[in-house]
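Participant: Residue numbers (this note's numbering), protein chains in the order written: chain A, 1 to 124; chain B, 1 to 474; chain C, 1 to 235; chain D, 1 to 79.
To be clear, the hints were calculated from the coordinates, so they are not data collected in a lab.
There's no promise every hint is true.
[Stated by the list, open to error] Quick list of simulated restraints, FRET-style, between CB atoms:
no.: 1; chain 1: B; residue 1: Leu47; chain 2: A; residue 2: Leu61; range: 47 to 55 Å
no.: 2; chain 1: C; residue 1: Ile113; chain 2: D; residue 2: Ser27; range: 24 to 32 Å
no.: 3; chain 1: C; residue 1: Ala162; chain 2: B; residue 2: Lys467; range: 24 to 32 Å
no.: 4; chain 1: B; residue 1: Gly395; chain 2: A; residue 2: Gly112; range: 54 to 62 Å
no.: 5; chain 1: B; residue 1: Val282; chain 2: A; residue 2: Leu61; range: 17 to 25 Å
no.: 6; chain 1: B; residue 1: Lys25; chain 2: C; residue 2: Leu180; range: 27 to 35 Å
[Stated by the list, open to error] Lysine-lysine pairs mimicking BS3-like chemistry, simulated, CA-CA at most 27 Å apart:
no.: 7; chain 1: B; residue 1: Lys467; chain 2: B; residue 2: Lys354
no.: 8; chain 1: D; residue 1: Lys78; chain 2: B; residue 2: Lys148
no.: 9; chain 1: B; residue 1: Lys105; chain 2: B; residue 2: Lys343
no.: 10; chain 1: D; residue 1: Lys48; chain 2: A; residue 2: Lys69
no.: 11; chain 1: A; residue 1: Lys60; chain 2: C; residue 2: Lys46
no.: 12; chain 1: B; residue 1: Lys438; chain 2: B; residue 2: Lys416
Just so it is clear, CB atoms sit at the ideal spot from N, CA and C, and this is done for glycine as well.
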Amino acid sequence: MFEFFNSPEVINIIVIIGSMLLFFVGLFGLLTQKHIIKIFMSIAIMETAVYLFFIGSLFKLDAIAPIMKVADDTSKFNDPIPHAMILTAIVIAMAVFALGVSFAIEYYKLSGKTNIDTMNEMRH
Amino acid sequence: MSSVLFVALPLLFGFSTPILGYFGKNAVAYVSTLMQLFLLYLGFDLLLNEGFSIELISIAPPLGISFVVTKVSLLFVLLFTSVMTLFSLYYLSYRSEKPYRDESKFFILINMLLAASIGLVLSSDIFNIYVFFEIAGISAYILSAYEKSSSALEAGIKYLITGAVASIFLIFAIVLIYIYIGSLNLGIIAQHFELLPFQIKLLISILLLIGFGFKVEIFPLNFWVSDVYQGSSTLVNALFSAIVVKAYLFVFFHLLYLFLPHGEFSLFLIYLGAFSMLAAEVAGLRQSHLKRLFAYSSLGQVALVFTAFALQNTQAIQAALFIVLAHSVAKMGIFFALALIEKEHESMESETLKSLNSPFLRVILLISMLSLLGIPLFAGFVGKLLVLKSLALEGMLPIIMMIILASLIEAVYYFKLAGYMFTSDKRRDVLKVTWAHKTILAFLSLLLLIIGMAPFLLSEYLFEASKLMLGGVS
Amino acid sequence: MSIKRSLSTLTLSGFTLSALLILSFINILLQNVATNIERAGDGLLKLNSSEGVANVVTTVVVYFRGFDTLGEIAVLFIASLGVGLMLERNTECTIKVQSNFMLQSASKLLFPIIIIFGLYVMIYGHLSPGGGFQGGVLVASAVLLLLISNKDLEVPHAVISALETLAGVSYVLIGLMGLLLSDVFLFNFLSPNIADFGLLLSGGIIPIVYIIVGIKVGSEMGFIVQNLLKRSDDV
Amino acid sequence: MIGLIILGTFITVIIIAFSAVIEKRVSHSIILFMGVGLGSVVLFFVFKAPDVALTEAVIGSGISSLIFLMALKHLGEKA
Chain A
1 MFEFFNSPEV
11 INIIVIIGSM
21 LLFFVGLFGL
31 LTQKHIIKIF
41 MSIAIMETAV
51 YLFFIGSLFK
61 LDAIAPIMKV
71 ADDTSKFNDP
81 IPHAMILTAI
91 VIAMAVFALG
101 VSFAIEYYKL
111 SGKTNIDTMN
121 EMRH
Chain B
1 MSSVLFVALP
11 LLFGFSTPIL
21 GYFGKNAVAY
31 VSTLMQLFLL
41 YLGFDLLLNE
51 GFSIELISIA
61 PPLGISFVVT
71 KVSLLFVLLF
81 TSVMTLFSLY
91 YLSYRSEKPY
101 RDESKFFILI
111 NMLLAASIGL
121 VLSSDIFNIY
131 VFFEIAGISA
141 YILSAYEKSS
151 SALEAGIKYL
161 ITGAVASIFL
171 IFAIVLIYIY
181 IGSLNLGIIA
191 QHFELLPFQI
201 KLLISILLLI
211 GFGFKVEIFP
221 LNFWVSDVYQ
231 GSSTLVNALF
241 SAIVVKAYLF
251 VFFHLLYLFL
261 PHGEFSLFLI
271 YLGAFSMLAA
281 EVAGLRQSHL
291 KRLFAYSSLG
301 QVALVFTAFA
311 LQNTQAIQAA
321 LFIVLAHSVA
331 KMGIFFALAL
341 IEKEHESMES
351 ETLKSLNSPF
361 LRVILLISML
371 SLLGIPLFAG
381 FVGKLLVLKS
391 LALEGMLPII
401 MMIILASLIE
411 AVYYFKLAGY
421 MFTSDKRRDV
431 LKVTWAHKTI
441 LAFLSLLLLI
451 IGMAPFLLSE
461 YLFEASKLML
471 GGVS
Chain C
1 MSIKRSLSTL
11 TLSGFTLSAL
21 LILSFINILL
31 QNVATNIERA
41 GDGLLKLNSS
51 EGVANVVTTV
61 VVYFRGFDTL
71 GEIAVLFIAS
81 LGVGLMLERN
91 TECTIKVQSN
101 FMLQSASKLL
111 FPIIIIFGLY
121 VMIYGHLSPG
131 GGFQGGVLVA
141 SAVLLLLISN
151 KDLEVPHAVI
161 SALETLAGVS
171 YVLIGLMGLL
181 LSDVFLFNFL
191 SPNIADFGLL
201 LSGGIIPIVY
211 IIVGIKVGSE
221 MGFIVQNLLK
231 RSDDV
Chain D
1 MIGLIILGTF
11 ITVIIIAFSA
21 VIEKRVSHSI
31 ILFMGVGLGS
41 VVLFFVFKAP
51 DVALTEAVIG
61 SGISSLIFLM
71 ALKHLGEKA
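Excised from the complex, chain A in its bound form (with noise of 0.2 Å):
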């Protein structure tokens, strides 16, 4: 039985599937939710479904990781790329995080709002 759970393509399908339904939770948030820190919290729940996704279906089973010596043979090593890039993007993902949070304190202290429904100042 766990050699079916070993196999690549299961792992595949595994995390295809998993990636998938923790991005449709997180848009379900984006879109009901109200408080402005659970949408941003929705948000970042989509972008983690997206990197699980990225590195989990590039990555092999056998393997190892991307840490090497001289004489080491490449093709024994995971893809570094997608892991530069994911980490690239968590960074980004927390400034931008960070920006929209002061911006809604700043507009709470003015305005005392936090749900983003009633957010309609410019409403003609």
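Knowing the structure of chain A, use the given hints to seat chains B, C and D on it.
Facilitator: Positioned in the frame of chain A, the structure of chains B, C and D alone reads:
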């Protein structure tokens, strides 16, 4: 000289502002303007000497990142740098009366916006495009919330949330591209994209369309635009409509031409653009707030550019480039003039124009609006005519009808504004405009007239540029 | 129109998209992610032993795709600037942290450990997992722990700003130096020696740049966190 | 074995994420969101990406949740 300087120098400026701060209050402003003038010089230098070059960064592509300078990307780079230089010059005389808070931060932000827009246009690596997408986005969010009034902050929050959602879809597309093609370099992706299975191609295209659709302000995804324009300060709006949207538009269609050179989705995009234009102009008809009204007019113009680009033939792209130039110049003139009016009247309802007493500003606004409308002898006319011509050649009668209908609706509200400006007699005191502002505004209007009366000066260059853009040099 | 209402009008298109996504995912399942194609990463791995350092991810982040990292630093810089713009000189909203004996002694105990770990992650980023981003944030979080536990403490703004400026300017200058010396921006002009591979001093500019990144990220995170954690006794 | 670990962690992460999204009290849902981050750290580690795991632990889950918590202190729970 190296094109990387377009990004490196603004970054260097941004990081070193605390040092510049020691040299007095005005140092930051002057250094920023001088740097922009230098970048303008650099752009012309590249244009005259080389015209085409590939600039490596760190290591040669396809493994590393590279900047590709072609005639068409240089056109956009020059447009952005000159817009930003004019903006800085305009602001230099504006700041003596009503400066922004924390001016040095403002200068950092506009330079980062410039660097990111140029990076978007020049970069030939899709993940690098994502990074610049984020830099441009973040600077734009802060600029729109800069005044810290509740409407500005609300605009900033809306802009930020939509931007964050857009970037998820973009990065999803990039992830799929890397998984299936195994490279981030645009040239290599372009070679292999056609061979992908149809569903994957469709999925990547849809994700890219959604990711960029938020930023190029296309119909169902443009609900945030009017709020952002209304909440942001008037001068900053000039940058939004002259630089930010244009950079995203260029990148989107650059990617489209590279990935789908045979125009698989072109009919869908043409209808989307035409419908967006109509929807925007209809929505603009019932606006009374000036900034909101011009936001809808921007949406309409951008949608027209979108339609022209989506046609995917040389003449239409040439037309689109004409509209891009004309629209940037006209919108700058309008928002610069509105900034002066707002400072004096402290209101942006369209009724304000009734009490506007400055023949100069009235003429400037009128010229810009006529150009946006596409009246002969003004810059907007050439582009609109070319778009209609190439649509007629393709035999797309419904689209032509939609565009003409949208233009008629646009005409209604522009003439309403013109009526406010020229008929009423309840005027205030004369609004004083400094000579520096007068020079810049007159220069912008003159530019509109020159492009309108002598389009042949530009048409050859734009034709070559559009051939290059369609040919997809990466 | 409120953003939520607009988003709700998008729900329909969202669900259409979901259907499409699911279809395509099923398609991906059937086809299985192609493992046989040559990816850019394979080429980089081959190049790494002559151009890079032991941790290939570091080579990619700092050198092969170093321009992205410069952009990322710029994003963090702008974000911290924005946070500062929004929350600076803002005494009304403060977080009151009740610091008790447990917190104080725990922070005294943990601070050196976290800071050593952070510095290790930062300096050994080219040999082991980690690097400037993680190490910088770890150091910033150690300082944050002290800030929470000790009411009177505050990291002077001038220090943070000086560190930030120094790191940012030197990063761009290293890039420009490459442009000057060999016509390639961010070129590794301290050409790495294969014999040094795996040593602390290896990889030319790579460890230097990653430490600079660490300083920059750490000071910016510290700035953001300090701004969010205002106490009534500052400015 | 590794497949079972991945499956189990994915199920846990999805359940935690869903409860984080539907939880009424925002402070609780931020803590649950931290759990999502930690679960994905485990996954990244299993996927042999130690750098990403460390980054996600420190930045994606650690500092982000901290920022949300500090913001919540200013904003209050009420939507």
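Participant: Work down the list of hints and note, for each, if the structure agrees.
Facilitator: Here's how the hints hold up against the structure:
{"no.": "1", "hint": "B:Leu47 - A:Leu61: 47 to 55 Å", "in the structure": "holds (53 Å)"}
{"no.": "2", "hint": "C:Ile113 - D:Ser27: 24 to 32 Å", "in the structure": "holds (28 Å)"}
{"no.": "3", "hint": "C:Ala162 - B:Lys467: 24 to 32 Å", "in the structure": "violated (51 Å)"}
{"no.": "4", "hint": "B:Gly395 - A:Gly112: 54 to 62 Å", "in the structure": "holds (57 Å)"}
{"no.": "5", "hint": "B:Val282 - A:Leu61: 17 to 25 Å", "in the structure": "violated (57 Å)"}
{"no.": "6", "hint": "B:Lys25 - C:Leu180: 27 to 35 Å", "in the structure": "holds (32 Å)"}
{"no.": "7", "hint": "B:Lys467 - B:Lys354", "in the structure": "violated (46 Å)"}
{"no.": "8", "hint": "D:Lys78 - B:Lys148", "in the structure": "holds (23 Å)"}
{"no.": "9", "hint": "B:Lys105 - B:Lys343", "in the structure": "holds (22 Å)"}
{"no.": "10", "hint": "D:Lys48 - A:Lys69", "in the structure": "holds (17 Å)"}
{"no.": "11", "hint": "A:Lys60 - C:Lys46", "in the structure": "holds (17 Å)"}
{"no.": "12", "hint": "B:Lys438 - B:Lys416", "in the structure": "holds (25 Å)"}
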